[in-house]
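J.: Here is what each chain is made of, one letter per residue.
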Amino acid sequence: MTDPYSVLGVNANATDDEVKRAYRELARKYHPDNYQNNPLADLAEEKMKEVNEAYELINKQRSGGGGYAYQQSSARQESGPRSGSGQGNFAQVRNYINAGQIDQAERLLQSIPQNNSGEWYFLAGSIAYRRGWLDEAAQNYNLAVQLSPANAEYRQAANMMNQGGAGYRPRQYSSGMDAMDCCTTMMCLNCLCDGGGC
Amino acid sequence: MFGYVRPMKSELKLREFDAYQAVYCGLCHTMAKRYGFLARFMLNYDFTFLAMVLTPSTDQPRTCKRRCPAHPFKKRSVCLCDDGFEVSADESLILAYCKLKDDVADKSFFRGFPARIITIVLRRAYRRAVANRPEFDATVRECLELLQVLERSNSASIDRTADTFARILSAAAPVSGIETKDRALGQLLYHIGRWIYLIDAWDDLAEDARTGSYNPVSVRFDGRPEEHRDSMRVTLKHSLNLAASAYHLVDFGCWSDILGNILFLGLPTVEEMVFQGTFPKRNRIIPVWSGEEKYFRN
Numbered sequence: 001m002t003d004p005y006s007v008l009g010v011n012a013n014a015t016d017d018e019v020k021r022a023y024r025e026l027a028r029k030y031h032p033d034n035y036q037n038n039p040l041a042d043l044a045e046e047k048m049k050e051v052n053e054a055y056e057l058i059n060k061q062r063s064g065g066g067g068y069a070y071q072q073s074s075a076r077q078e079s080g081p082r083s084g085s086g087q088g089n090f091a092q093v094r095n096y097i098n099a100g101q102i103d104q105a106e107r108l109l110q111s112i113p114q115n116n117s118g119e120w121y122f123l124a125g126s127i128a129y130r131r132g133w134l135d136e137a138a139q140n141y142n143l144a145v146q147l148s149p150a151n152a153e154y155r156q157a158a159n160m161m162n163q164g165g166a167g168y169r170p171r172q173y174s175s176g177m178d179a180m181d182c183c184t185t186m187m188c189l190n191c192l193c194d195g196g197g198c
Numbered sequence: 199m200f201g202y203v204r205p206m207k208s209e210l211k212l213r214e215f216d217a218y219q220a221v222y223c224g225l226c227h228t229m230a231k232r233y234g235f236l237a238r239f240m241l242n243y244d245f246t247f248l249a250m251v252l253t254p255s256t257d258q259p260r261t262c263k264r265r266c267p268a269h270p271f272k273k274r275s276v277c278l279c280d281d282g283f284e285v286s287a288d289e290s291l292i293l294a295y296c297k298l299k300d301d302v303a304d305k306s307f308f309r310g311f312p313a314r315i316i317t318i319v320l321r322r323a324y325r326r327a328v329a330n331r332p333e334f335d336a337t338v339r340e341c342l343e344l345l346q347v348l349e350r351s352n353s354a355s356i357d358r359t360a361d362t363f364a365r366i367l368s369a370a371a372p373v374s375g376i377e378t379k380d381r382a383l384g385q386l387l388y389h390i391g392r393w394i395y396l397i398d399a400w401d402d403l404a405e406d407a408r409t410g411s412y413n414p415v416s417v418r419f420d421g422r423p424e425e426h427r428d429s430m431r432v433t434l435k436h437s438l439n440l441a442a443s444a445y446h447l448v449d450f451g452c453w454s455d456i457l458g459n460i461l462f463l464g465l466p467t468v469e470e471m472v473f474q475g476t477f478p479k480r481n482r483i484i485p486v487w488s489g490e491e492k493y494f495r496n
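Residue numbers (the working numbering), protein chains in the order written: chain X, 1 to 198; chain Z, 199 to 496.
Since the hints were made in silico from the structure, they are not lab data. Hints are not guaranteed to be accurate.
[What the hints assert, rightly or not] What follows is a set of in silico ranges between Cβ atoms, one per label pair, in the way DEER data are often shown:
id : chain 1 : residue 1 : chain 2 : residue 2 : range
1  : X       : E53       : Z       : D216      : 35 to 41 Å
2  : X       : E53       : Z       : R326      : 45 to 51 Å
3  : X       : N89       : Z       : K305      : 44 to 50 Å
4  : X       : N13       : Z       : L344      : 52 to 58 Å
5  : Z       : F307      : X       : D103      : 38 to 44 Å
Glycine included, every Cβ here is placed at the ideal spot set by N, Cα and C.
Just chain X, with the same shape it has in the complex (with noise of 0.2 Å):
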């Protein structure tokens, strides 16, 4: 494994609390709640792994430090729709889709009649958000919603195209663009540039 100092982005001689608060912040950056859906979930996965090993190195060799690694839920976050639910043909597409074989999980879906199922149209929306299309996954995800008003799965989806997606946003540059009002407006477009010709 490499150095677990490295990997937490702090030095050896580092302060137990220093390491800890590291630690903290690479947990809320990977944290499974900012890539759900995401096609690079199993990529932030293994980094939440490689940091929480690290960490529980450093702990195990400070021995006594306090504090344990961030508990991953014990249900695997999924990072697509749920495998297995639905009949036949579309658990067969949601298999594809959380392979990442985006093409077949079209074609097949295509060949099976819409008839107004929640369900097609959830899964269309699966397949568009995979692609990065975002206003056709969100038209599909709300129609689904629309036909099947009670599932769960589809709510969720629907929502969370309706907020833009989740996303962590590092400390340094959290002098916000979110709730920005006009006078600080203002002032960014000072900043950006100097107006004019450019």
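Chain X is already provided as a structure; the job is to place chain Z on it using the hints.
T.: Relative to the frame of chain X, chain Z by itself:
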């Protein structure tokens, strides 16, 4: 590429600002060295971003002092001699040239005249760039052809039209063979490309309405895009979120903070300006040159 991808200057540290400027100058020098003096005029901020993404991560940018025609008296520090710059210079030239070619085809003889002259002047440079990056050139032409088909059929899908440009940008990263890096860079560039395309489409709404040209955003929202401002902002935000999630998975070394500034501060600010209608309209023919001076003064 249109010059939307820039950092927020006030939030850059001085050394980051110097590094950014050195990248800009370095790219300009690289283009001149490889493709002659005129190629410099094809440079813009978007390609600077690309150069930073493609340059192998090191702890410190490697710079040297150089003079150039724009700064004949004082030597400036310039970031040079990296593969990332050469790739970025080649790709910038190919993309800029193909875009100009497109403009020539789209416009009337007189309106397309300046673009036509530039394409003639740059033809030889373009051929050399194609010899260096044949696969990238093939992707660019394939995607732009597809875009033309979509435009002619008056496509109502902002995803499919944006996809053409997004795919061009994600093809800009050469395959390194490291799976994590390739996938993450692919997604980062794809969504930056999607964002650029859609922001540009929104920025062009008024002009396209005036000239009657095709605009994907206008068609998507049945000619009333103003009423759907919010859903447009949501989809743009989502693309930036997906780009950021990819950014976190790659180690960009000394470029990390500048790229973070661009992603988390620069792009949202540009977006805000475009939606408020305060983003300065650029000269479409010569992307940026004079802009650089104005931008860095102050």
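J.: Give a verdict on every hint.
T.: The hints, checked one at a time:
1. Roughly 37 Å separates the CB atoms of E53 (chain X) and D216 (chain Z), a value that falls within the hinted 35 to 41 Å.
2. Against the hinted window of 45 to 51 Å, the Cβ-Cβ separation of E53 (chain X) and R326 (chain Z) comes to about 49 Å, which satisfies the hint.
3. For N89 (chain X) and K305 (chain Z), the Cβ-Cβ distance of about 49 Å falls inside the hinted range of 44 to 50 Å, so the restraint holds.
4. At about 56 Å, the beta-carbon gap between N13 (chain X) and L344 (chain Z) stays in the expected band of 52 to 58 Å.
5. About 42 Å separates the C-beta atoms of F307 (chain Z) and D103 (chain X), a value consistent with the hinted range of 38 to 44 Å.
The structure is consistent with each of the numbered hints, conforming to all of them.
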